[in-house]
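Quick mapping for you: the protein sequence lines, in order, are chains Y and U. Note that the UniProt record's numbering numbers the first sequence so that position 42 is 42, with each residue one more than the last. Note that the UniProt record's numbering numbers the second sequence so that position 89 is 89, with each residue one more than the last.
In case anyone wonders, no lab produced these hints; they're calculated from the structure. Take the hints with a grain of salt, since some may be wrong.
Coverage of chain U stretches by chain Y, computed from C-beta distances (three or more under 8 Å per stretch; other residues unrestricted) [to be verified]:
(1) 24 to 37
(2) 67 to 80
(3) 95 to 102
(4) 105 to 116
(5) 142 to 153
From the structure, some residues in chain Y lie toward chain U, with a derived Cβ separation under 8 Å [what the hints assert, rightly or not]:
(6) Val20
(7) Trp24
(8) Cys100
(9) Ala119
(10) Ile124
(11) Lys140
(12) Pro142
(13) Ser151
With beta-carbon atoms standing in for the labels, derived distance ranges [as the list claims (entries may be wrong)]:
(14) U/Glu107 <-> Y/Ser125: 32 to 38 Å
(15) U/Lys55 <-> Y/Gly122: 38 to 44 Å
(16) Y/Arg50 <-> U/Ser125: 36 to 42 Å
(17) U/Asp85 <-> Y/Pro63: 41 to 47 Å
(18) Y/Asp85 <-> U/Lys140: 16 to 22 Å
(19) U/Pro63 <-> Y/Pro63: 25 to 31 Å
(20) Y/Glu104 <-> U/Arg50: 34 to 40 Å
(21) Y/Asp85 <-> U/Gln37: 18 to 24 Å
C-beta: ideal position from N, C-alpha, C; glycine also.
Number of protein chains: 2
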Amino acid sequence: MAEVENGTGAEKAPAVAFTVLKPWLVVDAPKASDAVQFYKTAFGAEEVSRVMHPKRKAEHELPLVLSAELKLGSAIIVVSDLINDSSAPVKTAATGGVFCLETEDVESAVARAVTAGAAAEGEISEGDGASCSGRVGKVKDPYGNIWLICSPPKKCADVAA
Amino acid sequence: MAEVENGTGAEKAPAVAFTVLKPWLVVDAPKASDAVQFYKTAFGAEEVSRVMHPKRKAEHELPLVLSAELKLGSAIIVVSDLINDSSAPVKTAATGGVFCLETEDVESAVARAVTAGAAAEGEISEGDGASCSGRVGKVKDPYGNIWLICSPPKKCADVAA
């Protein structure tokens, strides 16, 4: 930080290469296990790894999840219990995230998510030419996150007025 | 939905294949352009596409961003202005998302993000054996999202007690 003097300096700073971006869903403890099961059932997510919190707190009935990694589409998402101790990188439950999931079968995907416990929001409709175009359904998961379930985008330069 | 009778039915429903997951960051209008510039400057994100809202609202000084897609690490993130009309798939600004970004050079990445306008939260420290292990820094962007900037995970089965 000593080498840059003001806000415009960042553009001259050496580029930093990022390899991976993982959305991290932090849920109120001890709901992470439930959330992992929900994402498996609702979206067919595959659990890649799970690390439990080493100190099980007496007041918690269930051991807490430090991080569970799930493969979902092209991404890895991380699901954690909110743990209020010094080891926690995040101190508040992060709810209200929005994620776009692409699939060829929007209707089945929405139906499956709703059956697993998500709330459908509105009807499946035609998108608007932006990222989520084609058919678009929307569900809210039990942990506060919104999932837009869309058919893959078609190449279109037009935006309907 | 007619074919399944209760919450456990989803596990028997046909699997739905998702191809892509895109985190979608919805910011208060008209800040999306600023946010895109911030993610470029702070994280070296590359803009892939941008679709503007066809109806520029009189009360807004700037045209609104329907969706801008940015390549960031292994992912595509979408940045949109919050647009309160019937075409909007999301009706509330989504802030408070948490994202893990992996890089070999955590210090430079955090410094660059802070120079670009992110707020550093705490010191860079050693992670805890979970998803964000190795060195971990944390910044909050001007739009309310938290970015954990971590060195790539080493294979470790141990979790320090």
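To see whether the hints hold, each was checked on the structure:
1. 24 to 37: Since 3 is at least three, the answer is holds.
2. 67 to 80: Answer holds; 9 residues pass the 8 Å Cβ test.
3. 95 to 102: holds (count 8)
4. 105 to 116: holds (count 9)
5. 142 to 153: Three-residue rule met by the region 142 to 153 of chain U, so holds; n is 3.
6. Val20: At 4 Å from the nearest chain U Cβ, valine 20 of chain Y passes the 8 Å test, so the hint holds.
7. Trp24: 4 Å, holds
8. Cys100: Constraint on cysteine 100 of chain Y satisfied, holds at 4 Å.
9. Ala119: Violated. Min distance 13 Å.
10. Ile124: 12 Å, violated
11. Lys140: This hint is violated: lysine 140 of chain Y lies away from chain U, its Cβ roughly 11 Å from the closest one there, beyond 8 Å.
12. Pro142: 11 Å, violated
13. Ser151: For serine 151 of chain Y, the interface hint is violated, since the closest Cβ of chain U sits about 10 Å away, which is over 8 Å.
14. U/Glu107 <-> Y/Ser125: 32 to 38 Å: 46 Å, violated
15. U/Lys55 <-> Y/Gly122: 38 to 44 Å: With a Cβ separation near 20 Å, lysine 55 of chain U and glycine 122 of chain Y fall outside 38 to 44 Å, so the hint is violated.
16. Y/Arg50 <-> U/Ser125: 36 to 42 Å: 23 Å, violated
17. U/Asp85 <-> Y/Pro63: 41 to 47 Å: Cβ of aspartate 85 of chain U to Cβ of proline 63 of chain Y: about 46 Å, so the range 41 to 47 Å holds.
18. Y/Asp85 <-> U/Lys140: 16 to 22 Å: 20 Å, holds
19. U/Pro63 <-> Y/Pro63: 25 to 31 Å: 50 Å, violated
20. Y/Glu104 <-> U/Arg50: 34 to 40 Å: Taking Cβ atoms as reference, glutamate 104 of chain Y and arginine 50 of chain U lie about 26 Å apart, which means the hint is violated.
21. Y/Asp85 <-> U/Gln37: 18 to 24 Å: Since the Cβ atoms of aspartate 85 of chain Y and glutamine 37 of chain U sit about 37 Å apart, the hinted range of 18 to 24 Å is violated.
Checked against the numbered hints listed earlier, the structure breaks hints 9, 10, 11, 12, 13, 14, 15, 16, 19, 20, 21; every other hint is satisfied.
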